[in-house]
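Residue numbers (our numbering), protein chains in the order written: chain R, 1 to 153; chain U, 154 to 567; chain L, 568 to 928.
If you are wondering where the hints come from, they were derived from the structure by calculation, not from laboratory data. Hints may contain errors.
Reference excerpt, derived from the structure (chain L facing chain R, CB under 10 angstroms, subset only) [as the list claims (entries may be wrong)]:
| id | residue |
| --- | --- |
| 1 | Glu639 |
| 2 | Phe650 |
| 3 | Ala826 |
| 4 | Leu827 |
Computed cross-link-like contacts, DSS-like style, restricted to lysine-lysine with a CA-CA straight-line distance of at most 27 angstroms [unchecked claim]:
| id | chain 1 | residue 1 | chain 2 | residue 2 |
| --- | --- | --- | --- | --- |
| 5 | R | Lys152 | L | Lys838 |
| 6 | R | Lys76 | U | Lys510 |
| 7 | U | Lys281 | U | Lys239 |
| 8 | U | Lys239 | R | Lys69 |
| 9 | R | Lys64 | R | Lys89 |
| 10 | L | Lys684 | R | Lys76 |
| 11 | U | Lys239 | U | Lys394 |
| 12 | U | Lys495 | R | Lys76 |
| 13 | R | Lys69 | U | Lys510 |
| 14 | R | Lys40 | U | Lys538 |
| 15 | U | Lys332 | U | Lys281 |
| 16 | U | Lys538 | U | Lys495 |
| 17 | R | Lys69 | U | Lys495 |
| 18 | U | Lys332 | U | Lys343 |
| 19 | R | Lys76 | U | Lys239 |
A virtual CB, placed ideally from N, CA and C, is assigned to each residue, including glycine.
For reference, the chains in residue letters:
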Amino acid sequence: MENHADAHDAYPKPGRRWVNLLLGGGVLGSIASFLYPAFKYIIPPLVPESTSRSTVAAKISELKRNSGKIFQFGSKPALLVRTADDQFKALSAVCTHLSCTVQYRDDLHQVWCACHNGLYDLSGRNISGPPPRPLEEFEVHVQGEDIVVSRKA
Amino acid sequence: MKNSPIIAVLVLLAGAASASAAMKDSCATCHSALEDTKLLQPAKEFESDVHHQAGLTCADCHGGDPNDDTINAMSRTKGFRGAPKKTQIPDFCARCHSDAAYMRRFNPRLRTDQLSEYLTSVHGKRLKQGDSHVAACVDCHGVHNILAVSDTRAPVYPTNVASTCARCHSDTHLMSGYKIPADQVARYEKSVHAQMLAQGDASAPTCTTCHGNHGAMPPGVGSVASVCGTCHVFFAQLFQKSPHAAVFAKMGLPGCVQCHSNHEIVRPADDWVGVGPQAVCVNCHAEGDRGYDAARIMAGALAKLRTSQERADNILTTAERSGMEVSSARLQLSASNEALIKARVDVHTFDPGEVEKLTDQGVGISTKAYEAGIAALRERDLRRKGLGLSLVFIALAIAGLYLKIREIESRLAP
Amino acid sequence: MATLYRRVMSWLDERFGAGSIEEFLRHKTVPLHRHTIWYYFGGMTLFLFVIQVLTGILLLLYYRPTPNDAFESVQYVVTQVRFGWLIRSVHSWSANLMIFTVFVHMFSGYFLKAYRKPRELTWVTGMVLLILVLCFGFTGYLLPWNTLAYFATKVGTQMAGSVPLFGKWLLIYLRGGEEVTGATLTRFFGFHVAVLPGLTTVFLAMHLLLVQRLGMSVPPGVERRIDEGRERARSMPFFPNFLLRDMMGWYAALGVLGALAAIFPWELGAKADPFAPAPAGIRPEWYFLFMFQTLKLLPPKVFFLDGEFAGILGFSLGGLVWVAIPFIDRKVGFGRVTRFFTGLGVFAIGYMVVMSALVFR
Numbered sequence: 001m002e003n004h005a006d007a008h009d010a011y012p013k014p015g016r017r018w019v020n021l022l023l024g025g026g027v028l029g030s031i032a033s034f035l036y037p038a039f040k041y042i043i044p045p046l047v048p049e050s051t052s053r054s055t056v057a058a059k060i061s062e063l064k065r066n067s068g069k070i071f072q073f074g075s076k077p078a079l080l081v082r083t084a085d086d087q088f089k090a091l092s093a094v095c096t097h098l099s100c101t102v103q104y105r106d107d108l109h110q111v112w113c114a115c116h117n118g119l120y121d122l123s124g125r126n127i128s129g130p131p132p133r134p135l136e137e138f139e140v141h142v143q144g145e146d147i148v149v150s151r152k153a
Numbered sequence: 154m155k156n157s158p159i160i161a162v163l164v165l166l167a168g169a170a171s172a173s174a175a176m177k178d179s180c181a182t183c184h185s186a187l188e189d190t191k192l193l194q195p196a197k198e199f200e201s202d203v204h205h206q207a208g209l210t211c212a213d214c215h216g217g218d219p220n221d222d223t224i225n226a227m228s229r230t231k232g233f234r235g236a237p238k239k240t241q242i243p244d245f246c247a248r249c250h251s252d253a254a255y256m257r258r259f260n261p262r263l264r265t266d267q268l269s270e271y272l273t274s275v276h277g278k279r280l281k282q283g284d285s286h287v288a289a290c291v292d293c294h295g296v297h298n299i300l301a302v303s304d305t306r307a308p309v310y311p312t313n314v315a316s317t318c319a320r321c322h323s324d325t326h327l328m329s330g331y332k333i334p335a336d337q338v339a340r341y342e343k344s345v346h347a348q349m350l351a352q353g354d355a356s357a358p359t360c361t362t363c364h365g366n367h368g369a370m371p372p373g374v375g376s377v378a379s380v381c382g383t384c385h386v387f388f389a390q391l392f393q394k395s396p397h398a399a400v401f402a403k404m405g406l407p408g409c410v411q412c413h414s415n416h417e418i419v420r421p422a423d424d425w426v427g428v429g430p431q432a433v434c435v436n437c438h439a440e441g442d443r444g445y446d447a448a449r450i451m452a453g454a455l456a457k458l459r460t461s462q463e464r465a466d467n468i469l470t471t472a473e474r475s476g477m478e479v480s481s482a483r484l485q486l487s488a489s490n491e492a493l494i495k496a497r498v499d500v501h502t503f504d505p506g507e508v509e510k511l512t513d514q515g516v517g518i519s520t521k522a523y524e525a526g527i528a529a530l531r532e533r534d535l536r537r538k539g540l541g542l543s544l545v546f547i548a549l550a551i552a553g554l555y556l557k558i559r560e561i562e563s564r565l566a567p
Numbered sequence: 568m569a570t571l572y573r574r575v576m577s578w579l580d581e582r583f584g585a586g587s588i589e590e591f592l593r594h595k596t597v598p599l600h601r602h603t604i605w606y607y608f609g610g611m612t613l614f615l616f617v618i619q620v621l622t623g624i625l626l627l628l629y630y631r632p633t634p635n636d637a638f639e640s641v642q643y644v645v646t647q648v649r650f651g652w653l654i655r656s657v658h659s660w661s662a663n664l665m666i667f668t669v670f671v672h673m674f675s676g677y678f679l680k681a682y683r684k685p686r687e688l689t690w691v692t693g694m695v696l697l698i699l700v701l702c703f704g705f706t707g708y709l710l711p712w713n714t715l716a717y718f719a720t721k722v723g724t725q726m727a728g729s730v731p732l733f734g735k736w737l738l739i740y741l742r743g744g745e746e747v748t749g750a751t752l753t754r755f756f757g758f759h760v761a762v763l764p765g766l767t768t769v770f771l772a773m774h775l776l777l778v779q780r781l782g783m784s785v786p787p788g789v790e791r792r793i794d795e796g797r798e799r800a801r802s803m804p805f806f807p808n809f810l811l812r813d814m815m816g817w818y819a820a821l822g823v824l825g826a827l828a829a830i831f832p833w834e835l836g837a838k839a840d841p842f843a844p845a846p847a848g849i850r851p852e853w854y855f856l857f858m859f860q861t862l863k864l865l866p867p868k869v870f871f872l873d874g875e876f877a878g879i880l881g882f883s884l885g886g887l888v889w890v891a892i893p894f895i896d897r898k899v900g901f902g903r904v905t906r907f908f909t910g911l912g913v914f915a916i917g918y919m920v921v922m923s924a925l926v927f928r
């Protein structure tokens, strides 16, 4: 055992120094390459929640009365309308005919599809033209400055 | 009938015993007890008739005295009109149905111009000339079991109209007498309109939508586009402004029907445009004329957009399968699809410039989506590089461990 | 470095006698012979379990166990969270690797007769751990709430229902109701992150404690050769020699996991739709395939028993026999050769492999 201790105390041979360096460097480097992703992971992303159930569609200040805005809801477009009498309506913007993106017509006060002249009322009901089914309606809640749109429960 | 007075008295007693509604209708009471089916049927059928439900009796149409239980109820002196002859039927029904004041009592919204429309129709004109084989009111609406148009069992309910017209118009023998083909309904059944109707969409076009119901007439060559245009608004508008409108009018060609057919209207495909084997343009245009070139260019533009979309779709699918997030690129790509749909509408301007404007827009969008896909794949490759780096450190660590083991064990070797 | 270590150890020793533990570990040895390589699989399984716990905890920071949110939260992790794709794929791949190593570890202990006296309890606690690991796999598989997971769970829990007497109750207990619903998801989540880890900790502690107390088993063949003087009894110190070798294996495993996560990321699939028909070719994960195929091949009636129940009964009895192997193979405890049990083990492996392969025909 004495030799053991002597060998430990003596200046390490050059070969051993390189091995220690290699081992230490490799272990530390590998630990860093594991800890780095873990720490990045814990940082909450900019978008704090999945946006496919609920999302902030717009700010109150950016949407005038009798106008509409297209926003991304999950992976599909949706339409937010601020009506002439200051109500908020949110509908899917995917036309039920051939999936064109619909828009709000401030002259008709209805939702219109430019592809084949389909018309929907503000509750999403298909009232004229080729669309065979109504547009899906979403729930709208106002939280401070934000207009939050979420899927119906 | 020799026993008729005795039977009448017996039935009267039975009728009194059952004490039915306020209206006394001796016609129905008597005829319901008869054995001869020809005389029995009207009484039986009338039970479900919409006129009966409105409170009318046999006498309201046929005259006579419903309070009289004897055969005298059917005397001319009592106003009995009997069954009208075929050529008299329209006037027979119009006695009430063209009287707005009378009709208002029952349904103020019902129109009262059916007779005047009918007289402008082919059926009406021929009937006036004495042809009893053409359709009159009862041929489509029924005689004694007439149902409201909104009743799904009615022969004139939208989903039933085609088969009602087919009763005569698919009869080759009958139609040959008028020198009309008898295949219209068969062709219509193959159409996309018939499919929509079969799926329960009562707003889908049927015979009467384009031909009119009471004033039934084939639309004239000049008005075909307007007829189709009542639903297909954009297409009719564009066609009217296009070079084809004037040319077709001069040549006496029916607008939409020329390419889309009148009864056998099927879903159009992109290869109808252009100069290929399925194209409709080459039915008139030949190589060398401007129309031929225009067709070729339009078909090319559509094909270019489709290819560009496919390319973007493929790369986005690859990216998705590798676990990359490309939902906003997908959203972009759907806008490109919209451009394709609009381009197909604009084909009806027959102006390659218009079509190319839209397809170029679409190609621009799908190219951006494609680039987003490329970026996603680059990000994926970056991950693999990161993996490579960590593998390097792992390899170093393993090498270091191995050498350390060797070193320890060489020192301690006995 | 060394003096710092000494100072810390003596501080701990004064407080709870860490010194004796240190002494023990210093003297722990590992027998060296031609089957030594199998000793690494226990440590590898433990390492992969630690990976599962760590990645599992990270996933817990974002996962939501309700049918409305589960799929979306996993999608969120994989697409929005930085390195979320890595954590999730590592968790899924490591689960499969761990099940593989735990089977290798169990079979190596079986064939090398490590279960003989005095290590019967080590074997029993180990078998309990194996069953817990399979339960981890089964419960975890449902959590992403995609089509495959939903239907695999439906089929799997359905099998529990065919046990007579308490089959119905067992099915309701597993599913949290008659059908696979959000209640099932909550229940499975509870099992996966609380109940099973708790049980595993207890049994793992027992298992490891027994291994430390009893040392590593030397296979009977080697023991005999040493007794007969044909082989020398060699050993290596656990610390640092065996541990350094262990670490080499662990690093290699990390490399494999990283490569799998980056090159073959675990699929997200499509969100489960309970009202859609089951997709064609639905089957459970690979480690349940042999049971699945057996049940498919059984006739509707086996003697007087319902076919499916007979299959489950067979597997249950087989499992019980397997756990009780140390008490059945008594001769091996006296140093006798028991080829029958070796043959039984070969049959078991062969059966599992062949049955699993048949699913793909």
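* Under the criterion of a CB-CB separation shorter than 10 angstroms, is phenylalanine 650 of chain L in contact with chain R as hinted? -> It holds, given that the least Cβ distance between phenylalanine 650 of chain L and chain R is near 4 angstroms, below 10 angstroms.
* Pair hint lysine 69 of chain R and lysine 495 of chain U, alpha-carbon separation not exceeding 27 angstroms -> holds, 21 angstroms
* For the pair supplied as a hint, lysine 239 of chain U and lysine 69 of chain R, confirm whether the alpha-carbon distance does not exceed 27 angstroms. => violated, 62 angstroms
* Has the given pair, lysine 76 of chain R with lysine 510 of chain U, been kept, meaning a C-alpha gap of at most 27 angstroms? -> holds, 26 angstroms
* Asked: Taking only the CA atoms, is the gap from lysine 684 of chain L to lysine 76 of chain R under or equal to 27 angstroms?
  -> Violated. Lysine 684 of chain L to lysine 76 of chain R sits at ~65 angstroms, over the 27 angstroms cutoff.
* Straight-line Cα separation of lysine 152 of chain R and lysine 838 of chain L no greater than 27 angstroms? -> At roughly 18 angstroms apart (the allowed maximum being 27 angstroms), lysine 838 of chain L and lysine 152 of chain R satisfy the hint.
* Take the C-alpha atoms of lysine 281 of chain U and lysine 239 of chain U, compute the straight-line distance between them, and say whether it is at most 27 angstroms. => holds, 10 angstroms
* Asked: Can we keep the alanine 826 of chain L interface hint, with Cβ of chain R closer than 10 angstroms?
  -> violated, 13 angstroms
* Holds or violated: lysine 239 of chain U to lysine 394 of chain U, with C-alpha atoms at most 27 angstroms apart -> Violated - the C-alpha atoms of lysine 394 of chain U and lysine 239 of chain U are around 47 angstroms apart, more than 27 angstroms.
* Taking only the CA atoms, is the gap from lysine 69 of chain R to lysine 510 of chain U under or equal to 27 angstroms? -> Holds. Lysine 69 of chain R to lysine 510 of chain U sits at ~25 angstroms (cutoff 27 angstroms).
* Asked: Does the structure keep lysine 64 of chain R and lysine 89 of chain R at a Cα separation of 27 angstroms or less?
  -> holds, 13 angstroms
* Is it true that the CA of lysine 332 of chain U sits at most 27 angstroms from the CA of lysine 343 of chain U? -> This hinted pair holds, its Cα atoms lying about 23 angstroms apart.
Comparing the model with each numbered hint stated earlier shows that hints 3, 4, 8, 10, 11, 16 and 19 do not hold.
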